[in-house]
Amino acid sequence: MADLKSALLTLPDEAFFEIIRNYLGPVRTPFNKHDLVGRLEAFLRTDEIQQRIVSLVDDDDAELLTAIWFLGEPPVDELYAFFAGRRSYIELHQKLLNIEDRLLVYRDDDALRLTPALKPALEREVLCARRLFASRAATGAQLHPTPPWVTDALLISFYSYCVDEPGLFRADGAVRKRAATALAAAIPELIVPSAGTDSPRVLLLARALRAVGALAVTGATTPVDRGWELLASLDATGRVATLVAAVACDDRTDGTESVQTVPPTGTNDLAVAVEAVWNALPSGIAVDAACIERLLVALLPDLPADRARRAREAMGLFGVLCFAEDGFCAPARREPPAAALPSTQVQEPQTQGAHSLARIVVQPNFEVVMPQHIGFDDGLFVARIAALERHDTYPRFEITKPRVARVLQGGASASQIVDRLRSIAPSVPQNVATTINSWSDEFESIRLVRGVVMTLSPTRRHVASHAHIAELIDREFAPGVYLISDANVERLRSALGDAGVEIVPEVARPRPTGNVIATDPHPVSVDRRRLSSFATIIASSSEEPARLGRREPSAQLKAALESTDLSDDQRREMAARIDRKLIITAEQISPEVVRSERSEAKGFDYVGKVRLIEQAIRTGASHLETIERSADGEPIRRLVEPVEIRRTGDELILHGRELPGREPVELRVRKLGLVRRIRAGLVARARTQ
Amino acid sequence: MQPPAGTPLIIQSDASLLLDVHDPGFEEARAELTAFAELEKSPEHMHTYRLTPLSLWNAASAGLTADDVLGVLDRYGRYPTPENVRFFVTDTISRFGKIGLHATDEPNRLFLDVPDRAIRQELINNKRVAPLIEPTDQDGRAGFTVALYDRGTIKQELTQIGYPVRDEAPLKDGDPLTVALRDTTPSGGLFHVRDYQVEAAMAFHGAGLPGTGFGTIVLPCGAGKTIVGMKVMEIIATNTLILTTNVAAVHQWMDELLDKTMLSPDDIGEYTGDHKIIRPVTVATYQILVWRRDRTEDFPHFQLFRERNWGLIIYDEVHLLPAPVFRVTAEIQAVRRLGLTATLVREDSRESDVFSLVGPKRYDVPWKELEQKGWIAEANCYEIRIDLPESLKLDYAVADKRGKFRIASENPRKVDIAKQIIENHREDSIMVIGQYLDQLGELARELDVPIITGKTPNAQREEIYGRFRRGELHVIVVSKVANFAIDLPDASVAIQVSGTFGSRQEEAQRLGRILRPKARNSSFYSVISRYTTEETFAANRQKFLTEQGYKYHIEIWDSDG
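Sequence lines, in order, name chains A and B.
Under the working numbering, read the first sequence as residues 10 to 698, first letter to last.
Under the working numbering, read the second sequence as residues 53 to 613, first letter to last.
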């Protein structure tokens, strides 16, 4: 990281001397740049100077400085992204230039840094995360936060419900009427409308689960185990955050669709960001909705604005944020000991012992009562082997034969099922354990095996004895009838060839079925360092910062200006500098400091505009602000990085790149109503960028 | 960490209550819950109660307030009571007393007292209620008149729409009849009514106040519901019509009445297919009531209800009340009505009709509680699973559903199993019970023991029962008559070789055959064919009993033992 000194020393001369002259007065030869910088640093270290500089920081400055501090001294583009929608690029650019000129910040390559000498004073008097986020005290329901409605228990219940669900949704994506009635009886919370909508929560939940690859909606509504395993790998808060992120990143339309195989790109990142924002928001405080989006963008600078908005909306819909009517929101209760129904506040103690709250109860009538505390993985196991009766404070299930068979189909054995039950229940009734074993015996008594059947006529039966063929035979169904695994078909064909079979028959291969479920392949790219500083900064900003007001330059400076011998132009220029807060001591008011140069041409001043453009191109250290009228007469304002000015026919055309996107642009100089030269910054960008 | 002690109750948002048996506060909470919640099931670890409109209205009629109920829930609840449940309790209890039913000067009309104008309007607008009511004003009280004939129907309809009726119209007293219970039976045995039987009778009678005198008593098999019926007869002391399930049960009632009360044979009449004798106490079958020549005709024997000035009607095994009898039951709402049963589960799910027309559940006690107190025997339940013989497997595979069940039920290997069980219980009195007469006949032959079916003449049946009681016979084979017979001799082992599909009542009834208290524990064996539909039906049959707290121990036996 370059320090201020290095940054100053690498400035182009024009910019360098501009600063030195402004703060230290005229530069006498011989001079040494290092000495000059040293004097400037000493100037800045003076208590009085620091106080004067900081005392001129108004609320507007403070917000910008706080953003730079909050974002951990970010690249300029990230700062622009953070303020997107609230400040125009031009406005932000000009403001940044100003605080650079005031030595509050400097640029280190592309990153903005707070001037170290001023940082302690700024931290004491100016910097506060609460400046960035409009906030107020939590009110009403926000004072008694409840956890999000999508609890682990609810997810487990929904999983179980969907196993046998023939079809929750119509083709248009709405819930089928009969299904809605059944769902209302089994999981009433899911028929309740999502906050602020008429749409039942089940639609939102199904959408989220589809998006993470945990639910297939193809006629029937079927859990996809791979997606649930992904959810099981997270903690409770992470699960909620992942569902929020999945909805926000899901760009598909609603309605019946093919199986979603991969979570939308960016889901993991956004989930981490959502969780971080949720964890960072202090309780007792409500922030406005835009803040949430800005926080998400702060963590994920590449996050598109509409996705940030959707994430914020999804946080509200899932109950991660509790919104009041004025649009201010407070966080839901995080990592509760146990999730509660909306109408209850559950306080669950820790779990231990034969009849502790984290163990299921298996009854002789095959009923399973599941406490809210159950581990997610254990709960999913129950949901697999038992059908949901009703989701409630303690959801109730019933172990059924079809469910157990389904688990057996998946490769589990009866003893594994019973052992797993015993590990999560105080006891398993003998009749239940025996019955599960009996179901397993029945299930195993008929097997369907995928593979290739090789038949050998009696004249060819000896082939089966060939060593390389014999080792591939999984089972002999009958004399001359053999089962070979699908995976070994090519080896078998090769072995048959080796065994002297001249024409080895082809095997008709079954069509691939199902879908490969993969997790989001994109690794998480959220800046972890920023994550933790984020939370610390927000947590430490416990009080409302003092309003700084406008902070006018002192009357003494204006009086000092009046008493000088400056020409009118110089006086105007110096007054402008005072207004821009570049002048902090009377000693800076000197004719040698002032350089009157034209920076603006407008109206019919065609020549002036051309000269400004040429100057900007020549120095390479300026941008151009241009204004022209559209066909409707509306002003179009641009900030342009000029590249060249060229005659095409009768027209002079300004060729450049429009900021911030740096899209190529060609402007007819004749059409420009205003051209204003704006410094590019203390560090000029190379034109080749 | 264990859950906080003394908080055994989990209050669910559907108004069901889970009661943790292992929590130290279990007993205390249970005692309080019975006042306002209905016990739904009581398997081993967690009992389920439910707050229902009826249970809350019963509580209200006994003087409990919403705050009392909520206080209990809050005190024993492991978690806060859901808001919707709080609302349900408060709202439901508040509806009690809003509508009253009173006598009028007209003998065939009643006054429905509805002070609330909005409720009156609601009733007028209700398509099912409106035809039953006529607006009126009685002594300045606004309401409606209702035909006496519609007393039961209007209560049923109003219950449906959430308004319990405080029925304060007097019940008909009926012609008096003194029914005194004996202290000593004619055979010399001592007889006394047990405390829970007295409680049940008093719960029904309710000191004779308005709103009492009709209801259902639910007691386990073998707990002596007949005695409860007789106790009620003693309290009310009026002409009584007893309806029961079959002729054998009729005779058994008659015998019990003669044995336990001071009634003489002239006081008791039999009204069945064989006899049509109507006396101050008359015992009839449901079948005779619902008999008619063809479907177009009325039920000629419904006249029995009007034949005498009955003051009490007892519906024995009320869960089996035939649907047509509901209709006439609706007409006799002015008469005291007592329903007796061990299982209030109906396969046609018309339990609410039983509550509305016969009366709400007035008394219920978990089976296990009676077992713990020694009033019924402790029973060990076993399910013995055996394979079908190879020779029958193909027949089974190709049979239709009924055929499959029959083949599985009549598995010849069950004979050997029954023999083996009998061999293991040489000291016990054993009853082998089944569904199929051919199977039972073969069993009786193989075991060389008598068989009792519906066709067994009474004299023969009594002779066999007598020998069984005296211990001269230690095994008998009985058909479905065993489900309902009230004086079937006490056995300590029951071997069920087949049953009526998945009938839960039948399973409970059969278990009840061995629940009379005795010196040793009882054993109930259910022999079923493995990997057949019988296994599935058995699971359903057992459900009721497991929900009463019984556990089935499953064993797999091969035919070689």
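Careful, some of the hints might be misleading.
Claimed, not checked - Computed Cβ-Cβ distance ranges for the label pairs, DEER-style:
#1 B:His605 x A:Ile482: 36 to 46 Å
#2 B:Arg347 x A:Thr409: 39 to 49 Å
#3 A:Ser424 x B:His605: 17 to 27 Å
Since the hints were made in silico from the structure, they are not lab data.
Treat the numbers as computed from the prediction; the structure is a model and nothing was measured.
C-beta atoms are modelled at their ideal positions from N, C-alpha and C, and glycine is treated no differently.
Structure-based check of all given hints:
no. : hint                            : verdict
1   : B:His605 x A:Ile482: 36 to 46 Å : 44 Å, holds
2   : B:Arg347 x A:Thr409: 39 to 49 Å : 40 Å, holds
3   : A:Ser424 x B:His605: 17 to 27 Å : 19 Å, holds
The structure shown violates none of the earlier numbered hints.
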